[in-house]
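Undergrad: The primary structure of each chain is shown beneath.
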Amino acid sequence: MSTLIEFKDVVKEYKSGDHVLRAMDNVNFTIDEGEFVVILGPSGAGKSTLLNLLGGLDSTTSGQIIVNGEHVENFNDNELTKYRAKNVGFIFQFYNLIPNLTALENVELMKDIVDVNINGEEVLNSVGLEGHSNQFPAQLSGGEQQRVSIARAVAKQPAMLLCDEPTGALDSKTGVLILNLLQDMSNNKNTTVIIVTHNAILAEAADKVIRIKNGQIESIVINENPRKVEDLEW
Amino acid sequence: MSLFKKMLRDIKVNKTQFISIFLMAFIGIFAFCGVCSEYYGLEQTSSEFYSDTNLADGWIYNTTITDGAIDEIKNFTTDYEKQMVVQSVGNFSNDPEITLHFVEDNEISKFYTTEGEDFNSSDDSGVWLDKRFADAWNLTVGDNITFKFNGLTLEKEIKGIGYSPEYVYEASPTSIIPNFKDMGFAYLSNESFPLSDIPYNVLLVKFNQSPDDFKDSLDDSVEYLSYTQQSDHVSVSQFNEEMAQHKMIGDVFPIVFILVTFLTLLTTMTRIVTHQRTQIGVLKAVGYKNRTIILHFMSYGFWLVLAGAVLGLISGPAIIPDLFYPTMTSRYSLPEWNPGFDISFVVVAAAMVISSLLVSYIAARNISKENPANTMRPKAPNMSSSGFLENSKLWTKLNFNLRWNYRDAKRNNFRALMAIVGVMGCVALLISAFGMNDSMENLKTWEYDDISHFDSKLIIKSGASLSDIDDVREEVNGSTIMEQAIEIKAQGNEKTASLLTLNNTNLISQTDKNKNPINLSDTDISLSAKTAESLNVGVGDTVEWHIIGYDDWVKCKITNIHGEPLSQGIILSSDKLEDLGLNFTPTSIITTEHVDDDYDSIKSVSTLNQMVSNWNEMIGSVMMMVSILIFFAVLLAIVVLYNLGILSFTEIEREVATLKVLGFKTADLRKLLLTQNLFFTAIGFILGIPLGFYLMTLMLNAAGESLYYIPSLTLGNILLSGFITFVVSIVVNLLFSSKIKNLNMVEALKDVE
Ligand SMILES: Nc1ncnc2c1ncn2[C@@H]1O[C@H](COP(=O)(O)OP(=O)(O)O)[C@@H](O)[C@H]1O
Ligand SMILES: [Mg+2]
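Keeping their order, the protein sequence lines are chains A and B. According to my numbering, the first sequence is numbered sequentially starting from 1. According to my numbering, the second sequence is numbered sequentially starting from 1.
It is possible that some hints are incorrect.
Below, in silico cross-link-like pairs of lysine to aspartate or glutamate (DMTMM-like), each with a Cα-Cα straight-line distance of 20 Å or less [unchecked claim]: (1) A/82 <-> B/655; (2) A/15 <-> B/447; (3) B/110 <-> B/123; (4) B/513 <-> B/447; (5) B/741 <-> A/224.
The set of hints was computed from the structure by calculation and includes no laboratory data. It should be emphasised that the depicted structure is a prediction, and the values quoted were computed from it without experimental measurement.
Please model the complete structure; the sequences and the hints are all you need to start from.
TA: Spelled out as structure tokens, the structure:
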């Protein structure tokens, strides 16, 4: 399997006045294509920061982020937008659907961004939302909304799915279903899935587990025999 | 007081929003009070002047006022005073006409001295002179001045200079703009009269009855030449007409303005509180009392609205009236021009502060009534069932931009409505302002292109012999006309109007009220449309009229109705006039030749060009208002649209961030907001045009008795209004576009509303 993502000596500092906070301190790792990666760490460790840098929402202070051989850290605004559109599917804790658009329209929205033939109904079916396509976000449960946001993310067939605590706002039963869905995406469609969580149990299901603490990598563990999410003891 | 700290910090974070609240309150009150204050100023200053100087309630004219008549009139007056009023010629190069008042004691229509000593009715060596005339000729107290009248010469020392309540407006024989070098008035003691027996010819009266009752009593008891009541006195009525115009603009404009301001302000206040929805929930969950929370959110806009309103209340009347008064002094003479004040200013300002408190209260209370758990979650948008458009085939073909905007407008229909009404109000103000301009231009071309075809108008000296007049007429190849003020009555209505008698000339032609040419024959008697309307008569009806100063009333049938912008009344031929038993006494000669020469029988010459520039000067104060209207309309448009921009931006910031994360280009997102803005602007613009036209018609209808406007609006000015509106809309939008570019996605997505 080829390397999709490489972080080299990545540093991210937040300046507030004369106080400097190092949220990302010399971080190095690689992620292969199709890997199911879990990032673990306590609150404030820098997990979201890592994901935001990778997703092109924020810029590094120093270091290199190489995706598909391209240096993301050198991208300008326009290139970043293109990069996000083509490579990145974001899934957030609070779904961030467009409230004005129906489930189907939220998914088909992606047609405006990428040149991919999207059959919105099909994608919604694949995340288990048959019959909900014409409902607005406010008319869906949290789990359903998160499914729509997954459908929206995968519809454009990105190289990677970046999920920042995707189950944080869901009850555990619904959360498992969502995580299961994400693992399927990785296994069946060969999409690289990176999930940020503070729930250590998920580690057993991951191909690779990256633990961070205080903005530094604590350990990187490769799991030879990852378990299925549904088989885990929650 | 940590809540107070929170408020300050909230205001700091949303400073543009709060600045716009302050500005809206300020501009709204500023324009409202300023424009109203101008009008109230005219009214208050003039009526104060009238009462300080004890302006007469009526003037009874006769060849001589006899003691016998006075004994009769005494019975139904509270005060009276005899005057001998005579036209004289001053010893200046241009033979100015100076009206002399020889007075007994000057307790009625008192001379108001601004320089020199007060009027002294037993001083037979002095004269108290018209300030405007004195200024025009650089005369000062101590100078001597000579008057000639009826073959008598009078030389007096100027003891005082000042104003008179009977000369706030001095009717000029030669033009609509008074030339203060040409005319003036002076007050003298009756003891200065050169003859021992003074032929008093005016009796000034004060009375308690209604003017009509007084007239009846007068008619029952004595014979007299003519009688003028206060409201018909040319100085008073002309000034009242001017005030009426200002009042109409001053009523319509500030009301529309303040309504738009209220609307925008109140919506904004509601929105600001609603945005704090989750915070209200949190405060409640933490244990704050409902009352504390509501008070906290009420105090949000309160101080800013209060500050804006108070500042506007003070600075509006201090600044705006002074912009008008200079243009007013070219036509009117008052000792001082002070902005007026009315309790309604305070009421409107207070209403603004109170109602903004009220809407914050209602918004905060509604939210705090919900249970905190509910409040801490974002409010579920009220999603109406999908409409006709969404079910149609077309819907799926629409691009995201249109779909999103359609839904956004539908879901936030209150915001959409506010945007449209706000733009509509601004456009209406712009359109009515430009329309005023167009209508005045229209009037000008009507009068000076369509109706008048002469180059020069020679004003004949009163008393010039007919043969002298005829000599001049032949020399300049002109035609004589007779213009007089008349009183006309029909159907129980009575009006002052003008009489124009033409002597076979094509130098003045007639039009109907839509500017189409009409021809009057020698036997026609035509009444102007406006007079016909106010007397409620038409073709075939009989009217009764007499020339003011003469007692012969004539009855005649109206054969035509004509339209005339500048003077309202009767037009007929000299033959017809004589048929009716009146003398044709020419008052001017009109000619296509350009006349520069002096003639003994001619008092002055005015050219058409001068008349046009006089007209321009005359409408100066109205045009000033129009410019101010345009200025404030644009300002209001900026504030309304800007405010709207901030509102929609804060409301959709999170969505915009999400779209940006998904990979939408900044340009696309800009377009998204621009589309919405332009769409609302377009609807508001289209609706604003008829509203503006209506407002303009309201204002023009108040233009006074003598002017007849055709409400007009050129395509060019419609386009210009559109251009201004859309430019403002787009510029304001660009301000927000930069916000999209710099939007920090991570931060925007971090917090849940
Ligand atoms: N915009 C910011 N400005 C300053 N500090 C920030 C900002 N965003 C995050 N941080 C800090 O960076 C550190 C890492 O944050 P984050 O990546 O959000 O942690 P988490 O692992 O909980 O997702 C935290 O200490 C946080 O306070
Ligand atoms: Mg985080």
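Undergrad: Now, for every hint given, state plainly whether the structure supports it.
TA: Against the structure, the hints come out as follows:
With a C-alpha separation of about 19 Å, the suggested pairing of residue 82 of chain A with residue 655 of chain B holds against the 20 Å cut-off. Distance hint between residue 15 of chain A and residue 447 of chain B is unfulfilled; the C-alpha atoms sit about 73 Å from each other, more than 20 Å. The suggested pairing of residue 110 of chain B with residue 123 of chain B holds, with an alpha-carbon distance near 16 Å, which does not exceed 20 Å. Straight-line distance between C-alpha atoms of residue 513 of chain B and residue 447 of chain B comes to about 12 Å, which keeps the hinted pair within the 20 Å bound.
Using a Cα cut-off of 20 Å, the hinted pair residue 741 of chain B and residue 224 of chain A is violated, with the two alpha carbons roughly 44 Å apart.
In summary, the structure is inconsistent with hints 2, 5 from the numbered list given earlier, while agreeing with the others.
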